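Novice: Listed below, chain by chain, are the residues.
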Amino acid sequence: MIVKDAVCPFCGCLCDDIEVEVEDDRVVAVTNACELGTTKFMGEKRMKSPILRDGDRWKDITYDEAVQYAADMLLSAERPLLYGWSGTHGEAQCVGVHMAELVRGVIDNTSSVCHGPSILAIQEVGHPGCTLGVVKNRADLVIYWGSNPIDAHPRHLSRYTRYAEGFFLENAFRDRKVIVVDVRKTETASIADEFVRIKPGGDYAVLSALRAIVQGKTDTIPRTVAGVAREQLIRVANLCKSAKFGAVYFGLGLTMTRGKYKNIRNAIELVSELSRHTKFTISAMRGHYNVYGSNEVNTWMTGYPFGIDYSRGIAFYNPGETTAVDILARKECDAALIVGSDPAAHFPRKCLEHLADIPVVQLDPYPNATTAFCNVQIPVAVTGIDAEGTAYRMDGVPIRTRKVLSTDYPSDREVLSRMYALMREALER
Amino acid sequence: MRSIVYYLREFFRPEWVRKFFFAKTAPLVAPSYFKDYPSLTGKECTQCLTCMMICPAPGAIAVLHKKGGWEPEIYPGHCIRCGLCVEACPEGVLSSGRILDVTSRDRTAFSSWYRLQVDDTLCMRCGNCCVSCPVNREVDPQLAGTGTSASDEVIMRIEGGRVTILHEEKCTGCKTCENNCPNRAIRVARMVEGIQGEEEAEA
Amino acid sequence: MSILQEIKNAVRSRSIHVAYVDVGSCNGCDIEVLACLAPRYDIEQYGIYVHNNPREADVLLVIGSVTPQWVDKLRDIWEKIPEPKAAVAIGNCPISGCVYARRGTLTTPPVENYIPIAAQVPGCPPRPTEILSAILSVAPLIYKDYEEKHR
Amino acid sequence: MKKTVDVSIPLGPVHPCWKEPVRIKCETAGERVLRTEVELGYMKKGIERIMRGRPWQEVMFLAERVCGICSVIHNMVFIEAMEEISEIAVPPRAAYLRVIVNELDRMASHILANFSYCYTIEHETLAMYLLNTRETVLDNLERLTGSRINTAYMIPGGVRFDLLPEDAAAMLADLSKVEDEMRRYTGMFETGPLIALRSKGIGVMDREEAIRAHTVGPTARASGVVCDLRLRHPTYRELGFTQVTRTEGDNFARIMVRFQEVFQSIDLIRKCIETLPDGPIRGGGLCRAGETSYAGEAPRGELTYSIKTDEYGRVVDIAIRTPSIMNIEACAHSMIRDVTSIADVTSTFISSDPCIACNER
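Chains as they are written, first to last, in the numbering used here: chain A, 1 to 429; chain B, 1001 to 1203; chain C, 2001 to 2151; chain D, 3001 to 3361.
Don't take each hint at face value.
[As the list claims (entries may be wrong)] Result set (DSS-like, lysine-lysine): computed pairs, CA atoms no more than 30 Å apart in a straight line: (1) C:K2080 with A:K199; (2) B:K1170 with B:K1067; (3) A:K185 with A:K262; (4) B:K1067 with A:K279; (5) C:K2085 with D:K3044; (6) B:K1170 with D:K3308; (7) D:K3044 with C:K2073; (8) B:K1067 with A:K241; (9) A:K4 with A:K48; (10) A:K4 with B:K1170; (11) A:K241 with C:K2085; (12) B:K1170 with A:K177; (13) A:K199 with C:K2073; (14) A:K262 with A:K279; (15) A:K185 with A:K260; (16) D:K3025 with C:K2073; (17) C:K2073 with A:K185; (18) A:K177 with B:K1067; (19) A:K403 with A:K40; (20) A:K244 with B:K1066; (21) D:K3200 with D:K3025; (22) A:K262 with A:K350; (23) A:K331 with A:K350; (24) A:K199 with A:K217; (25) A:K199 with A:K241; (26) B:K1066 with A:K177; (27) A:K217 with C:K2085; (28) C:K2073 with A:K217; (29) B:K1066 with A:K279; (30) A:K217 with C:K2080; (31) A:K279 with A:K185; (32) A:K199 with A:K279; (33) B:K1067 with A:K244; (34) A:K241 with B:K1066; (35) A:K185 with D:K3044; (36) D:K3044 with C:K2080; (37) D:K3025 with C:K2080; (38) D:K3044 with A:K199; (39) B:K1019 with D:K3177; (40) D:K3177 with D:K3271.
Calculated from the structure, these hints are not laboratory results. Fair warning: this is a prediction, and the values are worked out from it, not measured in the lab.
Just chain A, with the same shape it has in the complex (with noise of 0.2 Å):
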């Protein structure tokens, strides 16, 4: 059986054109995605049952002792934390808030490590954003800051940005231009037009640079703006000038190096610097597939995107202070349910040795570096793959993802549902 238009569930590009052929409940055969689509839907090795840490060996348990468990420990906790929410479905991110709100507890998402700043930035001056049609019927020129596409998003240049036939644009794949800046030569950077190589740390600088480049006062600029010389900085900046409608991308590059969230706010004040004299627009390039699903979801059910604190019986936003990383290392914490993550690959060590003292419980279909951490690990449907949902393009687009296999395993909104329904039970009694 091939199942036609199913949504790809790696990365926030979520590809809907992928054909995926499916035999015996197996996928076999994957046709459109790219490598890591592909490998996320032929994904092996799955967890059969939910397992339960006993000693220094796992056993097998239910699921209603599994959900049970999650739900005693949520309840007795003091201040649970609930974190990941990017690797799933909109509708299971609700019930994730919901419970936050009962249990009286922190829900983050993992937009706290990657585009939180960016969030943080949007915040303080806007977002001049577009969707990734506009881009790609509109935009001659796109600037990929401090993301490799190619590696994280592969199909974004050939989809959206670089060789996509525009509407608007006669010749397209001519008539673009890419222009890379990273502190490496990344693949990205190898089929870009023009490749910045700027010194680690040195984005606010370059930024500062080309807004003032923009604004006139070329001869402000030193020879060299954190190893970028002077005629590129004004060549770039011209090359932006010249753009009928231009489009940056920042990734993690921009987001998380030395000044954070200053350095997106100075790259927006750039691109409505340079709105005065064309059309610009700036986007994150959002990682996992529904995490800006995740910063909606908060945002619409408690008025805050992510580290949502509810301690006090209302919704309060610090971040530093209520986000997973912050708690975790001051040891505040003393419960924590892990939906769609996989923190122990990500989080400094410190967060780590207070992860490993608390009681954890994970939702995740495979095996992964916390489940090292955890008390429970429940096998959950894949999203896109074994369940349906929601979620949100990197664009803010929501894209229904399909069902492409039929199995045995809940959907992580069942499950959390169930937890909640127990909770609610035991409170009320």
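Place chains B, C and D on chain A using the hints.
Specialist: Frame of chain A; chains B, C and D shown alone:
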């Protein structure tokens, strides 16, 4: 003394004296047989991309969609004026110097074959090659627009988790895919042969 | 415009001292610049004199795609040329890197990245006639009213 | 204590006498130059790296652009190496046309080398005469191939353009003009007493030294070494080629060898045009897998291409050995030893006709 005599003899040659008084440098023009930048002859371009295929300089020629059809465009600053595109074009769209006259008289031409190879261990399946391929774009407009291909008529598409080459014979060898592959995974082998037809009977 | 200025303009555009620097070419453009010296083209009849001394030059002819050795030296040479000055890129190499602009190359074209280029003479190599007319066309534009422009 | 070396003077990399960037360190004692050392590396473009993985029609242009002065021979050696790998036969007419173009290019190169020498010893009159004659030679090259330099004339299995009868007539007329002029200039050079002062007995390299230093081309032939690879080339053998040799081994001999080789080239071209066989100019044939090392005689000496190709005729590996590297080192170590002035360093260096672009690629 001998050298003075020598120089006097040298400078009082009538030829030299004439030259000295009636000096005339040649006008700054290029001769007609000079291979200048190829110019359009006005014949219709069929977008076979043979010119792009044979061009040895990067970024020197592109077949662009202009109003009223396809048209090759030469980029000075990249073009090295080798004249291979003029010689290779089967339609005679381009002209440079007297290459067209000479080749049509001698019946010389180039024939070519292409082979595509994909290294699956390097390939990221990003689809850059499939979408940038000018033949694919022509065959399947949906692919050009959205990066999605459902057609089996394209040269290559991502099928079954790898870049599958469906119609190698359609390849025109322009190497656009190779140049736009960030990982150097796809390679085009062009085999070109210079041939000459049978001499026309002396007429 | 004062008469003095007019005289200056006239004199300057008829007395151009040229230095050329080869930053990694194939020699083709190099000898085509030399061929301009030949009596056939006779570059000196136009008042252009080819030195190889940057300190007394007005026009710098840059030949070749930039090799790693020249990245800093080219800027140094450019700074040694007294004002008013102009740089002319001869051949494809300084403009685009010509056939060397491929994967694996050591060169880092274009020359524009290092010094400002006033005129370009495309071709691989350009004919001496093209080089001549480029120098002749760029000279008056740069030296006309130099003092007025840079006051 | 007596100081042996006063000062170390660098010449170059931008120097009025050499057109390409190269640097010579001269260790001097007073006016005398004791030792010299050549410093290369200003022109390294990585051409061999670019060539890898490319088919002949791209490598051909890169090979030409190894050196713009002797571009034809680079093209010819590369193409003949590919033909040897793939066992492609060349039609006789094409083989003769190749010789014509190659010899025209050799004439242009030799005249240019002699021009630079005359320019370096400040004999500008003769230099300009020579440069003007070179234009006539280039005219003929342009008439046949369509461009003056980097002609891209040869392809595997033949050549690109045919020699038209009217062009052949014009070429013969031009050649006799060039021959007349060159005879006069050779006379000027041979008999000029001022030239003799700057050339004779300067930069002497005897035969043993020349062999030991592995010098090639006119530089070696001026010292009496038999090293012309055209003696082994089948087309040249048909034409009855003999080598020009002199024995003095000084600057004067090196320049005179080039003058004599120009006349020899003129004779060869005449003979080619007279005996030009009829027939096709292209035989066709695809490039195949294989490996070879092929040498040819460039204007500066032996040029070797070692090529390995894959089944589609793409160059997998390539190594080029150009003549100038041997000549430059020999020049620095054998010729410029204890010379009387810095001025002789430049003139001796130029007399060995160094080609830096060839050398560093």
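Novice: Taken at face value, is the distance from the CA of K279 of chain A to the CA of K262 of chain A at most 30 Å?
Specialist: 22 Å, holds
Novice: Would the hint linking K1019 of chain B and K3177 of chain D be met if the CA-CA limit is 30 Å?
Specialist: 16 Å, holds
Novice: Under the criterion that the straight-line Cα-Cα distance not exceed 30 Å, is the pair K217 of chain A, K2080 of chain C satisfied?
Specialist: 26 Å, holds
Novice: Please verify whether K185 of chain A and K262 of chain A have alpha carbons no more than 30 Å apart.
Specialist: 24 Å, holds
Novice: Need the status of pair K2080 of chain C, K199 of chain A: alpha-carbon distance at most 30 Å?
Specialist: 29 Å, holds
Novice: Sort out whether K279 of chain A lies within 30 Å of K1066 of chain B, counting only the CA atoms.
Specialist: 25 Å, holds
Novice: Would the hint linking K1170 of chain B and K3308 of chain D be met if the CA-CA limit is 30 Å?
Specialist: Distance of about 29 Å is within 30 Å: holds.
Novice: For the pair supplied as a hint, K279 of chain A and K185 of chain A, confirm whether the alpha-carbon distance does not exceed 30 Å.
Specialist: 28 Å, holds
Novice: Holds or violated: K185 of chain A and K3044 of chain D, Cα atoms, limit 30 Å.
Specialist: With Cα atoms ~22 Å apart, K185 of chain A and K3044 of chain D stay inside 30 Å; holds.
Novice: Are K262 of chain A and K350 of chain A close enough, with their CA atoms no more than 30 Å apart?
Specialist: It holds: about 26 Å lies between the C-alpha atoms, which stays within 30 Å.
Novice: Taking only the CA atoms, is the gap from K1170 of chain B to K1067 of chain B under or equal to 30 Å?
Specialist: 25 Å, holds
Novice: Quickly compare the C-alpha distance for K1067 of chain B and K241 of chain A to 30 Å and report which way the hint goes.
Specialist: 27 Å, holds
The earlier numbered hints are all upheld by this structure, with none contradicted.
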